[in-house]
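Residue numbers (my numbering), protein chains in the order written: chain L, 85 to 398; chain Y, 85 to 398; chain S, 85 to 398; chain X, 85 to 398; chain B, 85 to 398; chain U, 85 to 398.
Take these hints with a grain of salt, some might be off.
Identical chains share a label here; the pair holds if one copy fits it or two copies do between them.
In silico PhoX-like cross-links for lysine-lysine, where the CA-CA straight-line distance does not exceed 20 Å [to be verified]:
id, residue 1, residue 2
1, K222, K315
2, K163, K193
3, K199, K87
4, K256, K363
5, K337, K363
6, K149, K167
7, K152, K167
8, K393, K344
9, K375, K298
10, K208, K105
11, K167, K283
12, K152, K235
13, K393, K193
14, K393, K315
15, K221, K193
16, K167, K393
17, K267, K375
18, K393, K208
19, K344, K363
If you're looking for bench data, these hints aren't it; they were derived computationally from the structure.
Protein chains: 6
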Amino acid sequence: MKKGIGQHSIGDAFDSFMLIKESSRGVASNGKPFLTLILRDNTGEIEAKLWDITSDDEAVFVGEKIVKLTGEVNQFRGKAQLKITSIRPAQTTDGLHVSDFVEKAPVEKEILMEKLTEAIFEMKNPAMQRIVRAFIKKYQEALLTYPAASKNHHEYVSGLAHHIVSMLSLAKEIHHLYPQVNKDLLYAGVILHDLGKLKELSGVITTSYTLEGKLLGHIPMMVEEIGHIAKELQIEGEEVLILQHLVLSHHGKAEWGSPKPPLVREAEILHLIDLIDAKMNMLNRALENVKPGEFTERLFAMDNRTFYKPLFEE
Amino acid sequence: MKKGIGQHSIGDAFDSFMLIKESSRGVASNGKPFLTLILRDNTGEIEAKLWDITSDDEAVFVGEKIVKLTGEVNQFRGKAQLKITSIRPAQTTDGLHVSDFVEKAPVEKEILMEKLTEAIFEMKNPAMQRIVRAFIKKYQEALLTYPAASKNHHEYVSGLAHHIVSMLSLAKEIHHLYPQVNKDLLYAGVILHDLGKLKELSGVITTSYTLEGKLLGHIPMMVEEIGHIAKELQIEGEEVLILQHLVLSHHGKAEWGSPKPPLVREAEILHLIDLIDAKMNMLNRALENVKPGEFTERLFAMDNRTFYKPLFEE
Amino acid sequence: MKKGIGQHSIGDAFDSFMLIKESSRGVASNGKPFLTLILRDNTGEIEAKLWDITSDDEAVFVGEKIVKLTGEVNQFRGKAQLKITSIRPAQTTDGLHVSDFVEKAPVEKEILMEKLTEAIFEMKNPAMQRIVRAFIKKYQEALLTYPAASKNHHEYVSGLAHHIVSMLSLAKEIHHLYPQVNKDLLYAGVILHDLGKLKELSGVITTSYTLEGKLLGHIPMMVEEIGHIAKELQIEGEEVLILQHLVLSHHGKAEWGSPKPPLVREAEILHLIDLIDAKMNMLNRALENVKPGEFTERLFAMDNRTFYKPLFEE
Amino acid sequence: MKKGIGQHSIGDAFDSFMLIKESSRGVASNGKPFLTLILRDNTGEIEAKLWDITSDDEAVFVGEKIVKLTGEVNQFRGKAQLKITSIRPAQTTDGLHVSDFVEKAPVEKEILMEKLTEAIFEMKNPAMQRIVRAFIKKYQEALLTYPAASKNHHEYVSGLAHHIVSMLSLAKEIHHLYPQVNKDLLYAGVILHDLGKLKELSGVITTSYTLEGKLLGHIPMMVEEIGHIAKELQIEGEEVLILQHLVLSHHGKAEWGSPKPPLVREAEILHLIDLIDAKMNMLNRALENVKPGEFTERLFAMDNRTFYKPLFEE
Amino acid sequence: MKKGIGQHSIGDAFDSFMLIKESSRGVASNGKPFLTLILRDNTGEIEAKLWDITSDDEAVFVGEKIVKLTGEVNQFRGKAQLKITSIRPAQTTDGLHVSDFVEKAPVEKEILMEKLTEAIFEMKNPAMQRIVRAFIKKYQEALLTYPAASKNHHEYVSGLAHHIVSMLSLAKEIHHLYPQVNKDLLYAGVILHDLGKLKELSGVITTSYTLEGKLLGHIPMMVEEIGHIAKELQIEGEEVLILQHLVLSHHGKAEWGSPKPPLVREAEILHLIDLIDAKMNMLNRALENVKPGEFTERLFAMDNRTFYKPLFEE
Amino acid sequence: MKKGIGQHSIGDAFDSFMLIKESSRGVASNGKPFLTLILRDNTGEIEAKLWDITSDDEAVFVGEKIVKLTGEVNQFRGKAQLKITSIRPAQTTDGLHVSDFVEKAPVEKEILMEKLTEAIFEMKNPAMQRIVRAFIKKYQEALLTYPAASKNHHEYVSGLAHHIVSMLSLAKEIHHLYPQVNKDLLYAGVILHDLGKLKELSGVITTSYTLEGKLLGHIPMMVEEIGHIAKELQIEGEEVLILQHLVLSHHGKAEWGSPKPPLVREAEILHLIDLIDAKMNMLNRALENVKPGEFTERLFAMDNRTFYKPLFEE
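Construct all of the structure, not just a fragment, from the sequences and the given hints.
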């Protein structure tokens, strides 16, 4: 792909493909309808106006559609804006996918799937293994593409799988250092804990919340689904309840969305390694953008702190 | 029934039936096992020691068993204690039931069931009506005997049904005053909101918490079961989700056990009338025990306040 | 009345009466004074500039004055603004009242007064009845026109009386369901609880706070006035103290402005039904503005929540 | 007076006068009534039982009565207890007063009154001066005997006057250092701020709370009374309102009982010097009881801290 | 000095000296670099753009530089902006100092130093006196010029010394009223408590935070330095520890930056008089700007309150 | 060593060595002094009274003394008590050490020291390495014997070193999984973070707090000492400041004793792995004491939670 939108300056001509992230209709002072488009490629975002539209245009230029654009990068009220000269929907022959236009995990899907499979293979408790397998089978595709959150941490394609695989590595080491830890239970908890997000978030690109997500939230949704799947698989025994408890309690406190705090050792660890991996993801990405001797931007999900990169880091 | 334990003074002889509420084994300084029994009838509770027990005794004198006792009311470290002269399990021919020994709702089971049935009959939305009916059918017996809580409010036999029926009256009036309220939804919420307690509490008498109750709590358990039952009844549509939301949010705040606050009008009302009925139950019972011009004992579940009964109340 | 300001579009001519809600003086870059007017009718608000004013103009075009305007609806920095061509004060012969230009309670003043009178008539305790009557007599006119609050709930003409009358209906039903409740005390509490707002808020239209309102607040002001009036009526006995307590405690907690929490049964109920009626008022009005399947705007006074209207609401 | 109860050891005979602080009736295991007496002199307190009492005894040996006792100091469950051999009420001829048996302020009443009078004399604003004078006249006797609180600070006879006079000295110095401060207003605030306690606390010795104290609290009671007195004196003008505000806000925050925080300079200072004098009183008395190098007992009203007395303090 | 920038109106010509408070480089749409300057004199601030700059300009027109400017006061987006006609750095011969362009304490440096010296001279404890002397000697110049804070209170030249000297007066009076207070310790605490700010804040004019200030804060920095200096002076004994404790605890609570609360009498007083002097400074300056009958602007550091100046204040 | 005190039952004779943990003097009702001893061996604790003591006894039987005892295990008010028949101080020839009587880390001192040395050897940053080495050299002996805390976690001999070594393993793995982490900095932070406890706690056995510990706390004490040692070693550069920051911020929040929150990546990780290792230590030891299907006792330092050991754990 050519130079992305993130590398253009004011005044540059632009001629490339972009993804429509959002499209909203307005009416201009001359009474004619227009579209405000938020366009993105994998280097950044830009706003554009499409004037004097037809009802066909409205139906075509919608969210998650890929388009071919020519135009010029202008400035409007201090922000860059793309002045559109021509626009057309991408065609199958253009060979493009939505995923070409969004940020992705630094690890390939195949690798992530492989590591997940390995972890499940290591599990010895059949009840837990079967439940985990059933979930992976049911949600494999979504799991490998969804972000882990709509913002803050792992908010990119395959973010959820990336988060799970990182946490599995942490879980393995924790088990190594504290051998009393039940590895099967911890692995199962890691893999399942956030799968409810696949139904809470509406999609990979727009990641708004579904109605179910808003009214129930991913935690109770997942507790319920573990119950359904265990019923279908005719699994009984404490494993089901304990797995539900791990999911239910993994936010740690009632104020953070867990009606019960962790009351099983592996539930406590699950909460802690979830915290660590989320924080390391945010911190490492923020620190990459600054030079030694500088502070990062404020990180909202880390109590709005700004972090310092010491001079001795290079 | 004769004079109850609550009406005996220190030094009185005692000869009557009581219910064993709790039984726990200890070993005396002479090395012999004994039982500490908490006994109750519907006028109060007393502790007793049963010395030099056999393993048969251990198997017989357990919680929820009715026994015939003779003895004397003594005092030990400032508390009344029953010195047992003789003890035997009650026999079928004694014609007694556990329910004779516990406090009961001021309304009969039959009336409570009738009022529940009436309310369900009034409902017009078929999805909600069918779900509510399925629950009533499944849990009818437990529903009519369980308390609404292990302490604080409606903590007596049929307390849960009594609480529901009171709330249905409130719901009816609220609907009358604010006709925008969806009566079917509010009725369904009222009936279902606390049914999870039937699985959270271990029984009518001892009302300790089940393992499931401790690790998940009645709210997520009930959200899950609404899902299961809707699946079995093949009911789809927003009604299922909204009913789950009403149950999930009825404690009002995350800190109080609801991971989502009420986000539907009837969910907000459900939370409010649950509060009112619980508080009125506590307040009215506490104020009955004091005379005008006096304060009640401290009510733990009402921020430990003590309430005043004005002189002009007769 | 003709088409209101709320129904005009940019570019429309305007020729009608409006109420001046606020008027503030500025000095233009040419050194001449001008007025910024906030104008309203019962369909909405608009801003206007009145240039090159005389000191007469300043004295005439003040808050709560009705004016006849002609002009054109323009746009300035993205907001509608009325360009004034002519302006004159309304005359008596125009037959207009301030109340024609503001939102009103959905129930007529006469009905509200009737319901209040009925409730007072039902009271049997002479001390409470006399105190309530004295307040109604003293404040009748203001009571029937003031809003219940400057924003959030019942923030319209007769809002306070509307709130009281709604709460009286709730009180009646609560008494019906829990007959231990002292109806006279609860009625008196409902009628008096917010009357302090008549002195806390500066008026019906602008509803800013008086100095007394800012430095003392409506609760202590009302506690004091109950004392004054009881003295004048030479009423002694616990009724006075208990009524003062109901007013003092009706916000429920110190953090919410009640230095004492409710410590009398009817004080607790008063707090709860005040909550219910305020919340129902906010919720019902917000939900009227959305269609099934949509969420309302955020409701600041309900913890900033946004509420969902289910699809099955028609 | 002879050796006080605080100087007796277990086994000592006792023969002296004491004050009954509390008297409560019980029934012994033999069925006969007895009294539990809390007795005090100005060196400490002791418990005693008076067995086999008559109804005359019950009427005579009540709180705030002075009695002549002989007996022996015993020990019961680890606490000292007075075994009574004989008891009789003190007679007028014994020449004793309740105040002989309680802790007193380190400054004489006459001096306290003098300092109060001086401060009032210094005031120039006639409205404030007249209001303060009216209060002093009305409450002079109680003001000079009441404690400032039932525990924590200045909890001794004349404690309230002592607290006021100390604060007046602080006020004078603050005015000296920050001459913008309105001395009259600050003096009036200092003198009035806690007078409501004269009606909130039931007396000098037992210092329990009156009903009015429990249901309204001293702050709203005092705000009301300033209103009454200003009415009687026909004083109008902002002084009344501002004085009410100073009283209302002097606890500083809603959570601490002030529905409005200080919003006038002198209200803020009043709050701060009230804090300082209360804390210095607690601290100085606690530190007197320990040697350099030791920590005091925990001071409940200072966040349960324990304070260190450095070695270099002597 | 001539009319300051604060006295100019839009359209006025300007010809005077100003101080550059901040200077930041930008690139214009024509690709050429420019500087945005924040300029101030002791009457106020204004923004200006310096277009088409050379790299020499960039090196010369930096923060804390005094410049001679001619130009015109314009308006840009509603804010005043200085259009620069000519600019040159001030020369030594202009005889100007940075301190001519900033707000200053209302007391002269010499007086402040004198009062400090007096207080130290009064101290009798040699250990404390020597430590305090060492600090004053080391930091004298900075101490007499730094503000006490970067905003809120005493945020002007010599603000820190002014704050200390005010607090010394308060300390003297407190010692007078409560003679148990150790005056030497309290004086030492007052003088040392905020000296860490000399290393926490980067300078007198810009008062941003140093890296050390951001990562450690002035309190731990000062605790450490007291340790260093005591070591150098070979002072041992509890005085060092107690002084460190006074500094450590002077914010009063962990949430406010003191890991230990005050646990020594003088530490508690230090905390209280620090509060009083800071609040009086903020309040008095805010009230000076309003007329009787008005409220001040909101004071952020006083819980965002707005204070009322009563009508009877002249 | 023979059967320990923890394995004795009521009525057993006892004849062995124990350590006096605490000794306090009392006076019996017969007027003679006695000692209350808290005795311990490495299996548990018991109380004993030593009656009719001489002043020699008082001087001999003090805390941290080893004694030879014969007697009988009795019961007093429901708690075991050792009735002493004979007691004598242990002699050098008994070959016993205090450390024989206390709980110890499950890893030998030598191993702990070796692992510490290895970690320091791995460090490449000379400034950090030299500072860490200086501390280890200065405190080696105490470091290898002190507990990590006076209760809650690692509260046993060598507990601090055990905690550090566990955290070093976690640090190594975290660095492995997130290679951006600065291993030297994290290692140095882990080793230094709690060394202040060596001066905060008074000793290995009694672990009460020193005066310095109470008035400053281990965090500011350690920040100061890093400064002193860096000065002595003439180390300059950001390493010193960053290490001080890691120590200062390792409790994570102001409320928990860190005046600055972590503002450097490794500071955040240090806080997190400190939490994990402390929690794992508490959890694993509590769960060892219960069987599958049971709950542990309440763990105070984990929000008073009680943890469940699932049935499938064996």
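Verification of the hints:
1. K222 with K315: both (15 Å within a copy, 18 Å between copies)
2. K163 with K193: neither (35 Å within a copy, 48 Å between copies)
3. K199 with K87: Classified as neither; 34 Å inside a copy, 51 Å across copies.
4. K256 with K363: Both ways: K256 and K363 sit 19 Å apart in one copy and 18 Å across, limit 20 Å.
5. K337 with K363: both (18 Å within a copy, 16 Å between copies)
6. K149 with K167: Within one copy only: 19 Å inside a chain, 42 Å across chains, cut-off 20 Å.
7. K152 with K167: within (13 Å within a copy, 43 Å between copies)
8. K393 with K344: between (37 Å within a copy, 16 Å between copies)
9. K375 with K298: between (39 Å within a copy, 18 Å between copies)
10. K208 with K105: Neither: 44 Å inside a chain and 42 Å across chains, both beyond 20 Å.
11. K167 with K283: Neither way: K167 and K283 sit 37 Å apart in one copy and 51 Å across, limit 20 Å.
12. K152 with K235: neither (27 Å within a copy, 49 Å between copies)
13. K393 with K193: The answer is neither: 31 Å in one copy and 36 Å across copies each exceed 20 Å.
14. K393 with K315: For K393 and K315, the Cα distance exceeds 20 Å both inside one copy (51 Å) and across copies (24 Å).
15. K221 with K193: Within one copy, since 15 Å is at most 20 Å while 49 Å is not.
16. K167 with K393: Intra 38 Å, inter 39 Å, cutoff 20 Å: neither.
17. K267 with K375: between (39 Å within a copy, 19 Å between copies)
18. K393 with K208: between (43 Å within a copy, 18 Å between copies)
19. K344 with K363: between (23 Å within a copy, 18 Å between copies)
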